[in-house]
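Protein chains in written order, with my numbering: chain A, 283 to 579; chain B, 2 to 273; chain C, 916 to 1205.
If you're looking for bench data, these hints aren't it; they were derived computationally from the structure.
The reader is advised that the hints may include incorrect statements.
Have a look at the derived ranges for each label pair, beta carbon to beta carbon [what the hints assert, rightly or not]:
#, chain 1, residue 1, chain 2, residue 2, range
1, A, Tyr558, B, Ala133, 34 to 40 Å
2, C, Leu992, B, Glu155, 53 to 59 Å
3, B, Glu260, C, Leu1069, 41 to 47 Å
4, A, Ser561, C, Leu992, 33 to 39 Å
5, B, Trp140, C, Leu992, 29 to 35 Å
6, A, Ile566, B, Gly15, 37 to 43 Å
7, A, Leu525, C, Phe976, 37 to 43 Å
8, A, Trp531, C, Ser1174, 32 to 38 Å
9, A, Ile566, B, Glu260, 56 to 62 Å
With a Cα cut of at most 25 Å, we get these calculated BS3-like pairs of lysine-lysine [said to hold, decoys possible]:
#, chain 1, residue 1, chain 2, residue 2
10, C, Lys1090, C, Lys1102
11, B, Lys132, B, Lys82
12, B, Lys82, B, Lys30
13, A, Lys430, B, Lys82
14, C, Lys1004, C, Lys1075
15, C, Lys1177, C, Lys1081
16, C, Lys1004, C, Lys945
17, A, Lys442, C, Lys1081
18, B, Lys132, A, Lys430
19, B, Lys82, B, Lys150
20, C, Lys1090, C, Lys1177
21, C, Lys1102, C, Lys1081
22, A, Lys430, B, Lys30
23, A, Lys430, B, Lys150
24, C, Lys1090, C, Lys1075
Computed from the model, here is a short list of chain C residues facing chain A with C-beta under 10 Å [as the list claims (entries may be wrong)]:
#, residue
25, Ile1007
26, Ile1020
27, Ala1024
28, Met1088
29, Asp1089
30, Ala1093
31, Phe1148
32, Asp1178
33, Ile1183
Glycine included, every Cβ here is placed at the ideal spot set by N, Cα and C.
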Amino acid sequence: MIYIISLVLVYSIAAVGLDILMGYSGQVCFGQAGFVAVGAYTTAFLVKNGFSYWVSLPIGGIVAALTGLMIGLPAIRIRGHYLALATMSFAYIIHLILVHWESVTGGPRGLIAARPSWPFSFEKDKYFYFVIIFIVIPLFIVARNIVKSKYGRAFLAIQKDEIVSKSMGINLTIYKTLAFIVCSFYAGVAGGLYGPLIGFLDPLSFTILDSALYIMMIVLGGRGTLVGAFIGAAFFAILPEVLREAKKWQELAFGLTFICFLIFMPNGVMGFIRRYQVSFVEKIREMEFLRHYFEEK
Amino acid sequence: MHLPSTHEEGSGNGFLQVRNLSICFGGLKALNKVNFSVTEGQIFSIIGPNGAGKTTALNVITRLYEPDDGEIVFREEELLKVRADQIIGKRISRTFQNVGLFPGLTTLENVMVGLHSSGGAGFFSSALKLKASREEEAWKRIQAMEALKLVNLEDQASEVATDLPFGQQKLVGLARALVSKPLLLILDEPASGLSPLEVGQLMDLIRRLRDEKGTTILLVEHDMRVVMGISNRIAVLNFGEKIAEGNPGEIRNNPLVVEAYLGEEEETGQAC
Amino acid sequence: MLRLAQLIVDGTVLGGTYAICALGMVVIFKATDVINIAQGELVMMAAFFGFTFRVYFGWSFTPSFLLAIGFIIFLSLAIERLALRPLIKAPIWTNIITTMAVLIILQAAARLIWGPEPYAFPPYLSRMPLNIAGIRLTHQDVAILGTSIIYMILLFLFFKYARIGKGMRAVQMDKEAASLMGISVRKMYSYVWMLNAILVGTIGILLAPRLGVYSTMGLLFIKGFVVAVMGGFTSLAGSIVGGFLLGVVETLAGFYISSTMKDIVSFIILILILIVKPTGLFAESVTKRV
């Protein structure tokens, strides 16, 4: 149970990062699993070579952020499905590196990701859970700060109208790249937490399909809402558990449920809620108006 | 068709000077050696039939387009060396014909985007909500509310901007351009979509900006009531060329201007 | 020298299949703005259907082939109608996610129905290799290459002369204008998916004896993707040239450098294209209205 919640939190921090990139700055990215992998493997590799986990985790995030910078800069001029394809290629290349650079990544056999042992051993699930909580919650708050600040406004502006944004003084190069850096940093941290949570890293967990899963999380929960990222992450972490018995049917259920969501709730759960909120509020106003009207008479 | 000038070119004091501006789009000269000069504290209007190149001129000045030839000098600085996102830093702001408000933001937030370049709070300050960014946000909120008050829309501050009727959206766009207290305000058809009452209020507002705050205003407009009513000076474009320039009285009586608006069928713009 | 020629010929046969996959994707994209990530899975399903009829029911090749294509057409129409039609208004990349979901569904369904082990598909032509000027080709290779080329020619003629083909081109250029001209845009959407079904269905069954039939074989056809990008997703000729080019380059790289390079080559090419010329190498130029 604790394990599931931990998994939800880890997924959701990667999803939140992606939401800032896709939901706010509007740049499609099919490479999130690649950034998560960079963070995960960097952290695990450093720990394996004697560095403290508490140092390795931030470094993992920073290395992932640098990768994000590398991808973000050329991505500035690419949009829409071309950007989707480009970021997909990035994810695939990372996957290939994970499989073939055996000396560092352990190749298909994978890499062990140890939990921190200082100041005491965090081996137990419920101890590591607190590590996750203490990292994820502040990051979530920071994400909210960013999104509510001039940076969040700038991201949204860029998404909706690049030309007008320029005239408002928003430097597209800087902001678009910044969105990538934030997203990949969050992904990297998520990766650094994911590794020890699962216990080992395996290239098969970091494919284009996994990148797509993160996108599905924010689409399902509602793009551009941050909370939606959490909802989507919860869904995708919990579903396999619910279907644990019928493991064969898992993927089929995944795909079908997702398509149903897309068709009936295209703005995600949060979008659906907000729309209901609006029409609910309107109905109340209408009732108030009618009541006053009849009372006048 | 070139008009021999009956006035000195550039009778302005050179606050904004546009010299020999030319740009080609798809084989046609959208602007052909356009010259004009705007005096500080003046309301300068550009008029002309549709497709004359008026908005194009604005887009080149605000650096959204790169001209093929010509110079633009603003307060002794060559504007062509400046990027589009640096224009607002030069104290030049603008509105857009189709407004361009951002859908995900409230009215207030939209106006606050106009202050994006003001205030130096950095990324980490904003991310960690440190004092500098908190103060900057509070200051921006106040400035934005005051800008909204100027256009009488302070009650709509928390509405989603794109839910407002078009006329009000235009006013929000105006507030967004005003909030940075620009020295040069560029307005692209500010009156279109406004009711006659709102147009009158707009004219008053623009006049007050010039008289009370000394803002220089460059205006593209179709509504002759506005143009004739508030302009100090008017330039007329047709097919990318300036065919007349003068004060409202001169322009009103200029036969070439009337002819341009009525339109002769054989005339087309120059090919590139 | 002979080795080089052999590799080039092998690459050409392979490239032909890439080109056909890409053509299907491009045709769909141009008409409907949908990037069909599940293209490889359609190939896979075709192979499975063909296998079921040919081996499980024991029918001969031709009826199995035709019936399998029929099933794939039906499947494609279902995908278009149920998964994609409702999402016409969504942003462009949502289609990618949807077809990814379709990919997941198809793979899972295949595993559930036929199980995870690979199956063998009996060859449909003699296994004896032909020897032309020192180059070895199996009859099946010839059939594959021949069919690819015939399909390319048929497509060309179809778009140029057939009413439905011209209708598709109209929809690709301007949906509104096309519907004002009386062309049913919805019907065209269905037609392009049917066309794609024929293309990939054929590839699936023709390649089945060589590749075997298994639920993850769709991944092999990701290359069709790369080729489509080479053509900027808009140029049919580009997809054809790109397909053959990629097939040859890949085969050469696989032999002269290493077999891992084979996979990486296509993605490096993809990234380079996307950075340098995102509209593809051979894309038709699109003039943007300012």
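For each hint, the structure was consulted:
no.: 1; hint: A/Tyr558 <-> B/Ala133: 34 to 40 Å; in the structure: holds, 39 Å
no.: 2; hint: C/Leu992 <-> B/Glu155: 53 to 59 Å; in the structure: holds, 56 Å
no.: 3; hint: B/Glu260 <-> C/Leu1069: 41 to 47 Å; in the structure: violated, 59 Å
no.: 4; hint: A/Ser561 <-> C/Leu992: 33 to 39 Å; in the structure: holds, 35 Å
no.: 5; hint: B/Trp140 <-> C/Leu992: 29 to 35 Å; in the structure: violated, 59 Å
no.: 6; hint: A/Ile566 <-> B/Gly15: 37 to 43 Å; in the structure: violated, 59 Å
no.: 7; hint: A/Leu525 <-> C/Phe976: 37 to 43 Å; in the structure: holds, 39 Å
no.: 8; hint: A/Trp531 <-> C/Ser1174: 32 to 38 Å; in the structure: holds, 36 Å
no.: 9; hint: A/Ile566 <-> B/Glu260: 56 to 62 Å; in the structure: holds, 60 Å
no.: 10; hint: C/Lys1090 <-> C/Lys1102; in the structure: holds, 12 Å
no.: 11; hint: B/Lys132 <-> B/Lys82; in the structure: violated, 36 Å
no.: 12; hint: B/Lys82 <-> B/Lys30; in the structure: holds, 22 Å
no.: 13; hint: A/Lys430 <-> B/Lys82; in the structure: violated, 33 Å
no.: 14; hint: C/Lys1004 <-> C/Lys1075; in the structure: violated, 30 Å
no.: 15; hint: C/Lys1177 <-> C/Lys1081; in the structure: violated, 38 Å
no.: 16; hint: C/Lys1004 <-> C/Lys945; in the structure: holds, 16 Å
no.: 17; hint: A/Lys442 <-> C/Lys1081; in the structure: violated, 35 Å
no.: 18; hint: B/Lys132 <-> A/Lys430; in the structure: holds, 15 Å
no.: 19; hint: B/Lys82 <-> B/Lys150; in the structure: violated, 35 Å
no.: 20; hint: C/Lys1090 <-> C/Lys1177; in the structure: violated, 39 Å
no.: 21; hint: C/Lys1102 <-> C/Lys1081; in the structure: holds, 13 Å
no.: 22; hint: A/Lys430 <-> B/Lys30; in the structure: violated, 44 Å
no.: 23; hint: A/Lys430 <-> B/Lys150; in the structure: holds, 23 Å
no.: 24; hint: C/Lys1090 <-> C/Lys1075; in the structure: holds, 18 Å
no.: 25; hint: Ile1007; in the structure: holds, 5 Å
no.: 26; hint: Ile1020; in the structure: holds, 4 Å
no.: 27; hint: Ala1024; in the structure: holds, 6 Å
no.: 28; hint: Met1088; in the structure: violated, 19 Å
no.: 29; hint: Asp1089; in the structure: violated, 19 Å
no.: 30; hint: Ala1093; in the structure: violated, 22 Å
no.: 31; hint: Phe1148; in the structure: holds, 7 Å
no.: 32; hint: Asp1178; in the structure: holds, 7 Å
no.: 33; hint: Ile1183; in the structure: holds, 8 Å
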